[in-house]
Each structure stands twice: as C-alpha cells, then as structure tokens.
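Turn these sequences into a full structure, and let the hints steer you where they fit.
Protein chains in written order, with numbering that gives the first Met the number 0: chain A, 0 to 309; chain B, 0 to 309.
In short, the hints are calculated from the structure, not lab data. Certain hints may be false.
Below 27 Å or equal to it, Euclidean Cα-Cα: the simulated DSSO-like pairs (lysine-lysine) are [said to hold, decoys possible]: (1) B/Lys110 - A/Lys81; (2) B/Lys308 - B/Lys22; (3) A/Lys110 - B/Lys81; (4) B/Lys156 - B/Lys231; (5) A/Lys156 - A/Lys231; (6) A/Lys156 - A/Lys81.
Here are some chain A residues pointing at chain B (derived, C-beta under 7 Å) [what the hints assert, rightly or not]: (7) Leu80; (8) Thr82; (9) Gln94; (10) Ala97; (11) Thr103.
Quantities reported herein were computed from a predicted structural model and do not represent experimental measurements. Ideal Cβ placement from N, Cα and C applies to all residues, glycine included.
Letter by letter, the chains look like this.
Number of protein chains: 2
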Amino acid sequence: METPVVALAGGVGGAKLALGLSKILAPDELTVVVNTGDDEEFYGLHVSPDLDTVMYTLAGLSNEETGWGLSGDTFTAVERLKTYGVDAWFNLGDQDLATHLRRTEMLRHGKTLSQATESMRAALGVRHPILPMSDDRVRTVVSTDEGELPFQVYFVKRRCEPVVRSLSFDGATEAAPSPGFRAAIEAARALVICPSNPFVSVAPILAVTGVRDFVRELSGLRVAVSPIVGGKALRGPAAKMMEELGLDATCVGVAREYAGFCDIFVIDEVDAHHREEIEALGMRAEVADTVMETQADKVRLARHILGLKE
Amino acid sequence: METPVVALAGGVGGAKLALGLSKILAPDELTVVVNTGDDEEFYGLHVSPDLDTVMYTLAGLSNEETGWGLSGDTFTAVERLKTYGVDAWFNLGDQDLATHLRRTEMLRHGKTLSQATESMRAALGVRHPILPMSDDRVRTVVSTDEGELPFQVYFVKRRCEPVVRSLSFDGATEAAPSPGFRAAIEAARALVICPSNPFVSVAPILAVTGVRDFVRELSGLRVAVSPIVGGKALRGPAAKMMEELGLDATCVGVAREYAGFCDIFVIDEVDAHHREEIEALGMRAEVADTVMETQADKVRLARHILGLKE
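In structure tokens, the structure reads:
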C-alpha cells in the first residue's frame, strides 16, 4: 500500500486500527477521518463521541474498559446534574467535560469542528491529523419499531433495543466534506475503511456530499476491514442491526455494503470460508487476524494492511 | 423587627447571616436578594458566584474553607481545560460545573436567572427564596491604576492587588429588579443589609433601577451590619478598597455608605467606641458580636437583629 493513507473510522474498532496505523506511519502519511453523525448536544455542550474516542485513543488516554471517555475519569458533575432534576442519561466524565466545554466554546466563537479538533488533538500530543468528516451538521437518525430516534437515544438511552428498520443521515446531502478531508483524499494513495459499524459509523461518512465519488476515483488501493467476525460484531450493535435490516449478519453482509468501491476486503481467519462469496462481489478477500485486543494486535493488523499490494 | 424580611447579600459574609436568618424565619418570612454584579462567563458557562455561595450555604453544601464552591469538590475538569491551552485562572469544581451547566442551559432556553436559581435551590432542598437582584445583565467594573478591570479579573486573577480608583456597575441603570425582588420589597416589613462588601456586593444591588427608592420608602426597620470590624474586613478586600478610595477603613466609613436610608447600623463590640460617630450620621448604632464563625454565631447574630425594635 502506498502513502499517504486516509483512514475512515467510527468509534472503538476504528480507533483501534487507527492507533495501529499511527504507530507505523508518520504524521504526514496518515489522516484519520471520523464519523460525526453520532454528535449530539448534551447539557448545552457539543459532544462528538467518535472524534473523542479516536483522539483519546491516539493520545493513549482512552478508557479501554468502557470504550468511551478518559481512563480514570470521575462522574461527579453529571451526578450533580441529576440532583438538579436533569434526566442525565448520557454519562460524561468530569475531565471529559473539559473537552466538550472547549469544543463548544470554540464553535460558539466561530471556529469549525475541524479547528476545535485540531487544537485539542495537538494539545494532547497526538501527532497525526484527526478530522471530522464534515464541519457541517449531520445527524444519524435510526428509524425503529418505536419511531425515529436520534442516534444517541437509540444507542445509549435505549441500549440498541428497538428494532432497526432503516437509517438516515440528516443534513448529509447538504454537508460538505471538511476541508482537510477533501485535501487528504485528493492527495491519498490509499484508503482504509476501519472495522467500524458500516451502517452508523462508515455510512454517514460516505453519505457526505461527494465522498462516495472521491472514494470511487481514488487511484490507490482501497481496503475495508470487516467489523463482523464469525457472525458477531466485535463490539456494538452491527450484527443485531444487520439481522433487523434483513441482511446477512456475516462479513459477507458487510462486504456487500462496500462492493463497487473497495479493492480488498479483509476478513478474519475464522471467516476464511467466506472468501469466495466476497470475491464474487468483485473484491479481493484478504484473510487476517482482525481481533485487536493488545496494542501489538493493533500494530500487527495495521502492518498487514499496509503490506497489501494490488 | 417585623416580618417578612428582605436580606441583601453578597458572598461569604452575606451568606453567613442569611443562613442564620433562615434558621429562625419561615420561608415566607425571609427573601434573600443577591448581588449578580460579580457574574461572569467562564469557559462558555454563566457563573453567578454570589448566588451560588448563598445557595450552597443555605443548602449546607458550601466549602467553608475556601468560601466558594461545594465542600469536597474536585477540580479535574478545569485542570484538563488547562491542558487544552485554556488560561483557566477562574477555578471551578467538577460538581460546581453542573450548577453552571444547568444555569447556562436554562438561560439559553429562555428562562430567567430568577427561574434558574429557583429551580436549583429547590432541588437542593433550600426552602427560603433566593433571588438575583436583577434578571438583567449588570457587571461590576473596577477602575484601577491598571485600568478598568471586570470584577473577577480584579478579584480573582489580580487578587485585589491593583489600586482601586472607582467602581461602576455596567447595565445597572437599564436593569430592573428581578420580579421576585420587587414583590418581596413591596411586601417587606424590614430590610437587612448583610455584612457584605458595601462597594462591590451591596452597591450593585442598590444601583439597580428603583432599588434605592424602594429601600427609602420601605415602612419597616432597615438595618445594616458592618463587614468592617476593628478596622479590618472579616474577609475580602473591603478595608483595602476603602483606603484606596480615600475613605475611613472603619465601620464608620461603611456607615456613611448607608446614611440616609438605614435606621440602625450594627457594629461589633470592638467598635463600640464609634457609636457616637455613627449616630451623628442619623442612624442608631447597635453593638453586637458580629463575628460569625460557628453556626451558633450566625443564629445568635440573626436573633439579635430580628429582636431589634424602632
């Protein structure tokens, strides 16, 4: 794979591979572009869960047990909010609040989400660029048997229990890619779609105006990694969602989402028997150990992907 | 003294006497009206230091060591803000942040400062009304040898070091008393000016349109308590400020500020020798033990004041 690389990422799974890539590639060889369809306002603050997961992970500060927030954080502010009668179902740590306070204040003072993210990732010592997919407002809406739910209501408040019928990305067709995203993808010699949920992490990025065309026209290698291993999501509701959407809850079901604009689809060793089904979709199937638990796992998978050739 | 009573208060000294009064008077017998000239926006949040000091004190939650914030609070969010490069010279506790988040969100949703305060004090179990002097914006500006400084810059950032030349209250002449303040003072049968700084705690309240006239026309007893004892401020910069303003840094200097619309001026036992000077200003001097350290002290002074007769 040639560089520079653009990596598309959602939350935890995406952040893990992004960390692996960042350990091998120089800052000018990797740009991580992150889903902001999950963004929401809580307690008057602009919260960007996926941006923060990627930023905290690359800074070595993420809470690996919960998959969100800062390691060792406390939760006294949100507890106090509850005493004020606030239905504080979205938990935010005390230190994590500083990130949302800073972001919100920068946005109110006319800075873009890109600028706010850039300022904070640099302050945390993260050397690789982390970019929101767009500086414009895009919001993932989950249409369920309980009606249309904003993503965080579906994901956090309702714990992914409602049955998903379809997904939409409010604002995506009016949103422009962030300036850095556009520049990075124009310069890119390769694209990596991280093992994030294809429907609520990657799809919002691809839904931003022009992004699908950029990806189609990208001259280098385009590689996607399956977040579904052995018919199960490594984390989160991807498999449940696929069943509810009437799709195969397998790596093949994920591959279908990327058919037509990915060159290589990376599946786990346990899914090696799906190789032919994937190649029938017009992509090369690459078998790898995709489960990332330790930092060594993340670097190993990143190295495998970076070693791929056309 | 007849009831209902309106008490005017600033920060710590005012909160102490307000607490004493609240231990004796029923909720319909006492309204505490608080200075908001100290209010300021920090980190995108509307902070009302004096309102919070009074609210936390009456809720039994105040940090008595520092004189501000909540007892046992932590400061991790502001520390994290500093890592983002924010010049976070105004310290706010993590739990305390919840108060400012809640207030700011209510104000952004069109509630008044009175409504935000009412909602939070009730949630904290405080039974007596606590009201901002005004729902309109008033900001104390300190004119010093270093130029004009917003109050919190003078008070916290510059630790009261600049030499004070004069004080002004931006917006006071356009500000209306909060609706509850107006109603309470119209119904009041007595007024207590708590031992708060006369220049930066009480003067902003009196500067709000119409308040001085209301106080002048109040039919019951009007009693002020000196915050200067033995030529020293019990807390804060009042004595230093008086010297810099060319005033007597004694209880007599304070009494001059209230001459003309107070009936009784309460001085400490150590200042009993100033009695005649105060009475020459047209007020009766009342000698009491005004130093409030324990809760018993606060109740004792409150009881003394409530026992005063014309």
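Here is what the structure says about each hint:
Straight-line distance between C-alpha atoms of lysine 110 of chain B and lysine 81 of chain A comes to about 19 Å, which keeps the hinted pair within the 27 Å bound. In summary, the hint linking lysine 308 of chain B to lysine 22 of chain B is supported, as the alpha carbons are separated by about 20 Å, within the 27 Å threshold. Restraint check for lysine 110 of chain A and lysine 81 of chain B: satisfied, since their Cα atoms lie roughly 19 Å apart, inside the 27 Å limit. Using a Cα cut-off of 27 Å, the hinted pair lysine 156 of chain B and lysine 231 of chain B holds, with the two alpha carbons roughly 22 Å apart.
Simply put, lysine 156 of chain A and lysine 231 of chain A have alpha-carbon atoms about 22 Å apart, close enough for the 27 Å limit, and the pair holds. A hinted pair counts as satisfied when its Cα atoms are at most 27 Å apart, and lysine 156 of chain A with lysine 81 of chain A qualifies at roughly 15 Å. The criterion of a C-beta within 7 Å of any C-beta in chain B is met by leucine 80 of chain A, whose closest approach is roughly 4 Å, and the hint holds. A distance limit of 7 Å between C-beta atoms decides the matter here; for threonine 82 of chain A the minimum to chain B is near 6 Å, and the interface restraint holds.
At its closest, the beta carbon of glutamine 94 of chain A sits 4 Å from a beta carbon of chain B; the interface hint therefore holds under the 7 Å criterion. Proximity of alanine 97 of chain A to chain B holds as hinted, the smallest CB-CB distance being about 4 Å (cut-off 7 Å). The restraint placing threonine 103 of chain A at the interface with chain B holds, with a minimum CB-CB distance near 6 Å, inside the 7 Å limit.
Violation of the numbered hints given earlier is absent; every hint is satisfied by the structure.
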